[in-house]
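Student: Residue numbers for the sequence shown, in the UniProt record's numbering: 1 to 862.
Please note: incorrect hints may appear among the correct ones.
Simulated restraints on C-beta separations [stated by the list, open to error]: (1) 85 to 196: 30 to 40 Å; (2) 25 to 718: 53 to 63 Å; (3) 25 to 564: 46 to 56 Å; (4) 251 to 734: 48 to 58 Å; (5) 99 to 681: 44 to 54 Å.
What the hints contain is simulated information worked out from the structure, not anything from laboratory work. It should be emphasised that the depicted structure is a prediction, and the values quoted were computed from it without experimental measurement. Glycine included, every Cβ here is placed at the ideal spot set by N, Cα and C.
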Amino acid sequence: MSSPANGAAQEGGGGGKKEEAEEAAKVPFLKLFSFADRWDCVLMAVGSLGACAHGASVPVFFIFFGKLINIIGLAYLFPTTVSGRVAKYSLDFVYLGIVILFSSWTEVACWMHTGERQAAKMRLAYLRAMLDQDIAVFDTEASTGEVINAITSDILVVQDAISEKVGNFMHYISRFVAGFAIGFSQVWQISLVTLAIVPLIAIAGGTYAYVTIGLMARVRKSYVKAGEIAEEVIGNVRTVQAFVGEEKAVRSYREALLRTYKYGKRGGLAKGLGLGSMHSVLFLSWALLIWFTSVVVHKRISNGGESFTTMLNVVIAGLSLGQAAPNISTFLRARTAAYPIFQMIERSSVNKSSSKTGRTLPAVDGHIQFRNVHFSYPSRPDVVILNRFSLDFPAGKIVALVGGSGSGKSTVVSLIERFYEPLSGSILLDGHDIRELDVKWLRRQVGLVNQEPALFATSIRENIFYGKEYATMEEIDHAARLSEAITFINHLPGRYETQVGERGIQLSGGQKQRIAISRAILKNPSVLLLDEATSALDAESEKSVQEALDRVMVGRTTVVIAHRLSTIRNADTIAVVDGGRIVETGTHEQLMANPCGAYSSLIQLQEAAQLQQKPSLSDSASITRPLSFKYSRELSGRTSMGASFRSDKDSISRYGAAEAHEEARKGKPVSMAKLYSMVRPDWFFGVSGTLSAFVAGSQMPLFALGVTQALVSYYMGWETTKREVRKISVLFCCGAVLTLVFHVVEHLSFGIMGERLTLRVRERMFSAILRNEIAWFDDTSSTSAMLSSRLEADATLVRAIEEVLPARPGRRPVLWSFSVLPLLFIRTGFMVWFASDEQGAGHLQVRDEVLHGAHSDGAGHG
Numbered sequence: 001m002s003s004p005a006n007g008a009a010q011e012g013g014g015g016g017k018k019e020e021a022e023e024a025a026k027v028p029f030l031k032l033f034s035f036a037d038r039w040d041c042v043l044m045a046v047g048s049l050g051a052c053a054h055g056a057s058v059p060v061f062f063i064f065f066g067k068l069i070n071i072i073g074l075a076y077l078f079p080t081t082v083s084g085r086v087a088k089y090s091l092d093f094v095y096l097g098i099v100i101l102f103s104s105w106t107e108v109a110c111w112m113h114t115g116e117r118q119a120a121k122m123r124l125a126y127l128r129a130m131l132d133q134d135i136a137v138f139d140t141e142a143s144t145g146e147v148i149n150a151i152t153s154d155i156l157v158v159q160d161a162i163s164e165k166v167g168n169f170m171h172y173i174s175r176f177v178a179g180f181a182i183g184f185s186q187v188w189q190i191s192l193v194t195l196a197i198v199p200l201i202a203i204a205g206g207t208y209a210y211v212t213i214g215l216m217a218r219v220r221k222s223y224v225k226a227g228e229i230a231e232e233v234i235g236n237v238r239t240v241q242a243f244v245g246e247e248k249a250v251r252s253y254r255e256a257l258l259r260t261y262k263y264g265k266r267g268g269l270a271k272g273l274g275l276g277s278m279h280s281v282l283f284l285s286w287a288l289l290i291w292f293t294s295v296v297v298h299k300r301i302s303n304g305g306e307s308f309t310t311m312l313n314v315v316i317a318g319l320s321l322g323q324a325a326p327n328i329s330t331f332l333r334a335r336t337a338a339y340p341i342f343q344m345i346e347r348s349s350v351n352k353s354s355s356k357t358g359r360t361l362p363a364v365d366g367h368i369q370f371r372n373v374h375f376s377y378p379s380r381p382d383v384v385i386l387n388r389f390s391l392d393f394p395a396g397k398i399v400a401l402v403g404g405s406g407s408g409k410s411t412v413v414s415l416i417e418r419f420y421e422p423l424s425g426s427i428l429l430d431g432h433d434i435r436e437l438d439v440k441w442l443r444r445q446v447g448l449v450n451q452e453p454a455l456f457a458t459s460i461r462e463n464i465f466y467g468k469e470y471a472t473m474e475e476i477d478h479a480a481r482l483s484e485a486i487t488f489i490n491h492l493p494g495r496y497e498t499q500v501g502e503r504g505i506q507l508s509g510g511q512k513q514r515i516a517i518s519r520a521i522l523k524n525p526s527v528l529l530l531d532e533a534t535s536a537l538d539a540e541s542e543k544s545v546q547e548a549l550d551r552v553m554v555g556r557t558t559v560v561i562a563h564r565l566s567t568i569r570n571a572d573t574i575a576v577v578d579g580g581r582i583v584e585t586g587t588h589e590q591l592m593a594n595p596c597g598a599y600s601s602l603i604q605l606q607e608a609a610q611l612q613q614k615p616s617l618s619d620s621a622s623i624t625r626p627l628s629f630k631y632s633r634e635l636s637g638r639t640s641m642g643a644s645f646r647s648d649k650d651s652i653s654r655y656g657a658a659e660a661h662e663e664a665r666k667g668k669p670v671s672m673a674k675l676y677s678m679v680r681p682d683w684f685f686g687v688s689g690t691l692s693a694f695v696a697g698s699q700m701p702l703f704a705l706g707v708t709q710a711l712v713s714y715y716m717g718w719e720t721t722k723r724e725v726r727k728i729s730v731l732f733c734c735g736a737v738l739t740l741v742f743h744v745v746e747h748l749s750f751g752i753m754g755e756r757l758t759l760r761v762r763e764r765m766f767s768a769i770l771r772n773e774i775a776w777f778d779d780t781s782s783t784s785a786m787l788s789s790r791l792e793a794d795a796t797l798v799r800a801i802e803e804v805l806p807a808r809p810g811r812r813p814v815l816w817s818f819s820v821l822p823l824l825f826i827r828t829g830f831m832v833w834f835a836s837d838e839q840g841a842g843h844l845q846v847r848d849e850v851l852h853g854a855h856s857d858g859a860g861h862g
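Using the sequences and the hints, build the whole thing.
Tutor: Laid out in structure tokens, this is it:
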């Protein structure tokens, strides 16, 4: 017999394995391109050709370079023809440069354009599939946070993987293939030795990819949890501020984000080990090749120029694998991020809710019958809600359902709308099982008014318009008159164009309910469902809304879920529900005739409760005495942010946060100085990462210096050649160790700094949002969905600084070392290289800014 502790441990272990299995879920890479049409295929094909041509240009360059070396090396034999032959090959370099210009432009332009197109179609497909899902999916599986995270963050990750990253990957792979192909055609012995090292690079890259994909899934799951908290808090900001819960909300948000920190740190370590291992193997291969090439030249298997350029080709080809490796991590991250997106799109329930195969009826009378219906909610399968429930709703009659809380009244409404399916039994409309009817057609025949009306953050006209597609303004106006909503609409400055705010917060409860009634009757439904439509209103609002309902119920089958029993006295039939069954039916008079009946007991309990809650005359006077507007605003200001949020300084912060949000909305860029100020607390990691990136970036200049010295040694005596080659090989072996160490330090430092920056940005942004006045949230640009989306998308883009920071210090040694080295030998060569260096640096800067701007626009429109 196991103890509870052991059982819990076993359960936890099983749950952990299940969680790991879920986290490892991913889609095949080619599935990321599921939304590519013919034009996208053309763009990808042209972009791929450009990428391959761009990548193959480097090995071709080395062919020309090798011939140039041979000409210069033999200049003393043919001094009169050297300049002409050099000029010929120089012209070949110009032609090659033109090819590189157009091929690189084609690569980037085509892949970025098709990536934007496919990501836009993926967003639309995901949103359409999400709206077509059964309500049960949102009860048990999908959450608001997951949906927002998928649309804003996950699809951005996928877009990054199917746009320029693919072209970049193909560029390096084509360089690898072309380099080895040319190498085998020139000196196959050198290429064969290098090829033996490729499996080591593949093993290092595969291990790195395996570790990365699991970490990325865990990071995403933590961000989804944080997004759910942010969405819930911002959506209920009035309640949060009323109970001074801002600090607690920020703490909860921070705790959810802290879970990603350890995964991000491990990700930085894995990236450093993976890339460091690959570069370390490359350094070792350079050492081996320099020695082996010296043997090839000494034994006259090939000349110095061909041997040298073959070595460069195969080494650069091997290096291309290392340069392609970061793209693999992007692909893996995208495959993981795409899994929940495609899971939603491909759900089988989509076929049911959006199916066109269901029948439609030529005319609807509205006769509804429940026959032995048994039902439990998917989220609570063990709790029986309806148990052999049977009831008849005659056409054109009013049937009221009453009963205690949890008796199953509102479930009847959900089943008529086909939000859920009964486990057994049947529901008939005019004698036809509703499961055989087209879902969308069925819902067009039914009008629903809930206890809490669901209004969208748009105009009154748009909210009513949701009731019927292609409704005219005359129909909207007629529906508003029937519901008496026109009485307050005419007093508004914008009338139908008045914005109601998020969830209709700008309107009173009675006004919101009358708009909801207008929306329900706009489509002239045969069946009207009223789920406690007046229970949340005060007496005056309830009276006006009830009068409107009495008018629209005439001639329609009406199902009324009642909380206040006084509102259903005139119903044709009253059914008392208890424990998921009908225990009593009849008219009000018939049921009241039985003083011991369930309905009479409910009436007596409600009347007794009303007597107990009736206030005294003095209390009523104090309650009904209105507060002045000035005093209520003063109270709002006092309770807006709690003890640490109530000072004048924080009032200024509120203004600043609103101003900053307005600037961000207008697209004003933030200075790099301000961005770097946010990473200042992590200066130690920044310094260590920058220094390590600088050292790691110096490997290419050191390689160039080493192979240049090796080339010179190949034309010396054999003993001198052996001595120089031995020295260079030892230096490269030391470089292999150092590059591993510095890559680990670099990516671990920037990984920690990036995760802390993301945490800091999200937390400060979330806190700044909560510091704003309530009026700020009434703005159409400050809805909870938009703010949550900005939290996700903006922080994801800021997180890219961890990707950019290692690259900038890593480029400088390459650019400036190649500028300084010619200065040590040829002063004129330095001046020529300096001009090209500045142009190259400008090209990199422009490229970074263009790509950053494109991604920013994509996030903003997402």
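Student: Indicate, hint by hint, whether the structure satisfies it.
Tutor: Cross-check of the supplied hints:
{"no.": "1", "hint": "85 to 196: 30 to 40 Å", "in the structure": "36 Å, holds"}
{"no.": "2", "hint": "25 to 718: 53 to 63 Å", "in the structure": "60 Å, holds"}
{"no.": "3", "hint": "25 to 564: 46 to 56 Å", "in the structure": "49 Å, holds"}
{"no.": "4", "hint": "251 to 734: 48 to 58 Å", "in the structure": "49 Å, holds"}
{"no.": "5", "hint": "99 to 681: 44 to 54 Å", "in the structure": "48 Å, holds"}
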